[in-house]
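Colleague: Generate coordinates for the entire structure from the input sequences, incorporating the hints supplied.
Each chain is listed here by its residues.
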Amino acid sequence: GAVVSQHPSWVICKSGTSVKIECRSLDFQATTMFWYRQFPKQSLMLMATSNEGSKATYEQGVEKDKFLINHASLTLSTLTVTSAHPEDSSFYICSALDRDRMNTEAFFGQGTRLTVV
Amino acid sequence: RKEVEQDPGPFNVPEGATVAFNCTYSNSASQSFFWYRQDCRKEPKLLMSVYSSGNEDGRFTAQLNRASQYISLLIRDSKLSDSATYLCAVNSGGFKTIFGAGTRLFVKA
Chain G
1 GAVVSQHPSW VICKSGTSVK IECRSLDFQA TTMFWYRQFP KQSLMLMATS NEGSKATYEQ
61 GVEKDKFLIN HASLTLSTLT VTSAHPEDSS FYICSALDRD RMNTEAFFGQ GTRLTVV
Chain Z
1 RKEVEQDPGP FNVPEGATVA FNCTYSNSAS QSFFWYRQDC RKEPKLLMSV YSSGNEDGRF
61 TAQLNRASQY ISLLIRDSKL SDSATYLCAV NSGGFKTIFG AGTRLFVKA
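In order, the protein sequences belong to chains G and Z. Using our numbering, you'd call the opening residue of the first sequence number 1 and step up by one each time. Using our numbering, you'd call the opening residue of the second sequence number 1 and step up by one each time.
Where hints are given, some of them may not hold.
[Said to hold, decoys possible] Heads up, simulated DSSO-like pairs for lysine-lysine below, C-alpha to C-alpha not over 27 Å straight-line:
{"no.": "1", "chain 1": "G", "residue 1": "K66", "chain 2": "G", "residue 2": "K55"}
{"no.": "2", "chain 1": "G", "residue 1": "K14", "chain 2": "Z", "residue 2": "K2"}
{"no.": "3", "chain 1": "Z", "residue 1": "K79", "chain 2": "Z", "residue 2": "K42"}
{"no.": "4", "chain 1": "G", "residue 1": "K41", "chain 2": "G", "residue 2": "K20"}
{"no.": "5", "chain 1": "G", "residue 1": "K66", "chain 2": "Z", "residue 2": "K108"}
{"no.": "6", "chain 1": "G", "residue 1": "K64", "chain 2": "Z", "residue 2": "K108"}
{"no.": "7", "chain 1": "Z", "residue 1": "K79", "chain 2": "G", "residue 2": "K66"}
{"no.": "8", "chain 1": "Z", "residue 1": "K42", "chain 2": "G", "residue 2": "K14"}
{"no.": "9", "chain 1": "G", "residue 1": "K66", "chain 2": "G", "residue 2": "K14"}
{"no.": "10", "chain 1": "G", "residue 1": "K55", "chain 2": "Z", "residue 2": "K2"}
{"no.": "11", "chain 1": "Z", "residue 1": "K45", "chain 2": "Z", "residue 2": "K79"}
{"no.": "12", "chain 1": "G", "residue 1": "K20", "chain 2": "Z", "residue 2": "K108"}
{"no.": "13", "chain 1": "Z", "residue 1": "K96", "chain 2": "G", "residue 2": "K20"}
{"no.": "14", "chain 1": "G", "residue 1": "K55", "chain 2": "Z", "residue 2": "K79"}
{"no.": "15", "chain 1": "G", "residue 1": "K14", "chain 2": "G", "residue 2": "K64"}
{"no.": "16", "chain 1": "Z", "residue 1": "K42", "chain 2": "Z", "residue 2": "K96"}
{"no.": "17", "chain 1": "G", "residue 1": "K66", "chain 2": "Z", "residue 2": "K96"}
{"no.": "18", "chain 1": "Z", "residue 1": "K2", "chain 2": "G", "residue 2": "K64"}
{"no.": "19", "chain 1": "Z", "residue 1": "K108", "chain 2": "G", "residue 2": "K14"}
{"no.": "20", "chain 1": "Z", "residue 1": "K2", "chain 2": "Z", "residue 2": "K45"}
{"no.": "21", "chain 1": "Z", "residue 1": "K108", "chain 2": "Z", "residue 2": "K42"}
{"no.": "22", "chain 1": "G", "residue 1": "K66", "chain 2": "G", "residue 2": "K20"}
{"no.": "23", "chain 1": "Z", "residue 1": "K45", "chain 2": "G", "residue 2": "K20"}
{"no.": "24", "chain 1": "Z", "residue 1": "K42", "chain 2": "Z", "residue 2": "K2"}
{"no.": "25", "chain 1": "Z", "residue 1": "K108", "chain 2": "G", "residue 2": "K55"}
{"no.": "26", "chain 1": "Z", "residue 1": "K96", "chain 2": "Z", "residue 2": "K2"}
{"no.": "27", "chain 1": "G", "residue 1": "K14", "chain 2": "Z", "residue 2": "K96"}
{"no.": "28", "chain 1": "Z", "residue 1": "K2", "chain 2": "G", "residue 2": "K41"}
{"no.": "29", "chain 1": "Z", "residue 1": "K45", "chain 2": "Z", "residue 2": "K96"}
{"no.": "30", "chain 1": "G", "residue 1": "K66", "chain 2": "Z", "residue 2": "K2"}
{"no.": "31", "chain 1": "G", "residue 1": "K64", "chain 2": "Z", "residue 2": "K79"}
Because the hints were derived from the structure by calculation, they are not lab data. From a predicted model like this one, the values you see are computed outputs, not experimental measurements.
Modeller: What follows is the structure, given as structure tokens:
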């Protein structure tokens, strides 16, 4: 299957700092990537849809100025959590759609566990 | 109403049992359907896609009912290693994948 690499796998940061998470499709081109957040024992919640070369589309209730998404190339999308606070501590996962196989399953990165102290 | 709904469980079953999960979706225009498995603190892994004709992979059978807008997953002869959270996923407009809350399964010896 297709490979999506997410980095870092875990990060601990101080309250008020910003954290950048990268999501790369290694063996396919992804016009569209998705960012999810998952709190303990809860479902994956879609935060935003990232489209190469255009602005991300955010789900209702997700602050676009706090969660900055950049999708500058067909293989890389980044999520920056700005001015992170303890309530932002969560598991963040990206997924990507193969541009050439749009109606198939999305491929997930390994996830990033963010802890804000 | 949530776009994709699942019974969160947990389902506690003995080894060898048959267990079934259902998942309902609200968007009648949805095109693709999937079951994922998620182990604790890991990313979801695709278990199987769900086709209109139904599909089977070993002990796992998935079915789609478009008229009633639900998908199902049947696990036969449960193993201890089947213990996990099972997420249904639906591709709606714009190819967004929306997940259900997940159903937790515990298989006990």
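Colleague: If a hint holds in the structure, say so; if it does not, say that too.
Modeller: For each hint, the structure was consulted:
1. G:K66 <-> G:K55: Distance ~14 Å between K66 of chain G and K55 of chain G Cα, so the pair holds.
2. G:K14 <-> Z:K2: Given that 27 Å is the threshold and the Cα spacing comes to 35 Å, the pair is violated.
3. Z:K79 <-> Z:K42: holds, 20 Å
4. G:K41 <-> G:K20: holds, 24 Å
5. G:K66 <-> Z:K108: violated, 43 Å
6. G:K64 <-> Z:K108: violated, 44 Å
7. Z:K79 <-> G:K66: violated, 43 Å
8. Z:K42 <-> G:K14: Given that 27 Å is the threshold and the Cα spacing comes to 24 Å, the pair holds.
9. G:K66 <-> G:K14: The given pair, whose Cα atoms are some 16 Å apart, holds under the 27 Å limit.
10. G:K55 <-> Z:K2: The given pair, whose Cα atoms are some 26 Å apart, holds under the 27 Å limit.
11. Z:K45 <-> Z:K79: holds, 18 Å
12. G:K20 <-> Z:K108: violated, 41 Å
13. Z:K96 <-> G:K20: With Cα atoms ~23 Å apart, K96 of chain Z and K20 of chain G stay inside 27 Å; holds.
14. G:K55 <-> Z:K79: violated, 45 Å
15. G:K14 <-> G:K64: holds, 21 Å
16. Z:K42 <-> Z:K96: holds, 21 Å
17. G:K66 <-> Z:K96: holds, 22 Å
18. Z:K2 <-> G:K64: holds, 22 Å
19. Z:K108 <-> G:K14: violated, 41 Å
20. Z:K2 <-> Z:K45: holds, 23 Å
21. Z:K108 <-> Z:K42: holds, 21 Å
22. G:K66 <-> G:K20: holds, 12 Å
23. Z:K45 <-> G:K20: With Cα atoms ~24 Å apart, K45 of chain Z and K20 of chain G stay inside 27 Å; holds.
24. Z:K42 <-> Z:K2: Cα-Cα ~24 Å, so holds.
25. Z:K108 <-> G:K55: Roughly 48 Å separates the two Cα atoms, so the pair is violated.
26. Z:K96 <-> Z:K2: With Cα atoms ~15 Å apart, K96 of chain Z and K2 of chain Z stay inside 27 Å; holds.
27. G:K14 <-> Z:K96: The given pair, whose Cα atoms are some 33 Å apart, is violated under the 27 Å limit.
28. Z:K2 <-> G:K41: holds, 18 Å
29. Z:K45 <-> Z:K96: holds, 17 Å
30. G:K66 <-> Z:K2: holds, 25 Å
31. G:K64 <-> Z:K79: Outside the cut-off at roughly 43 Å; violated.
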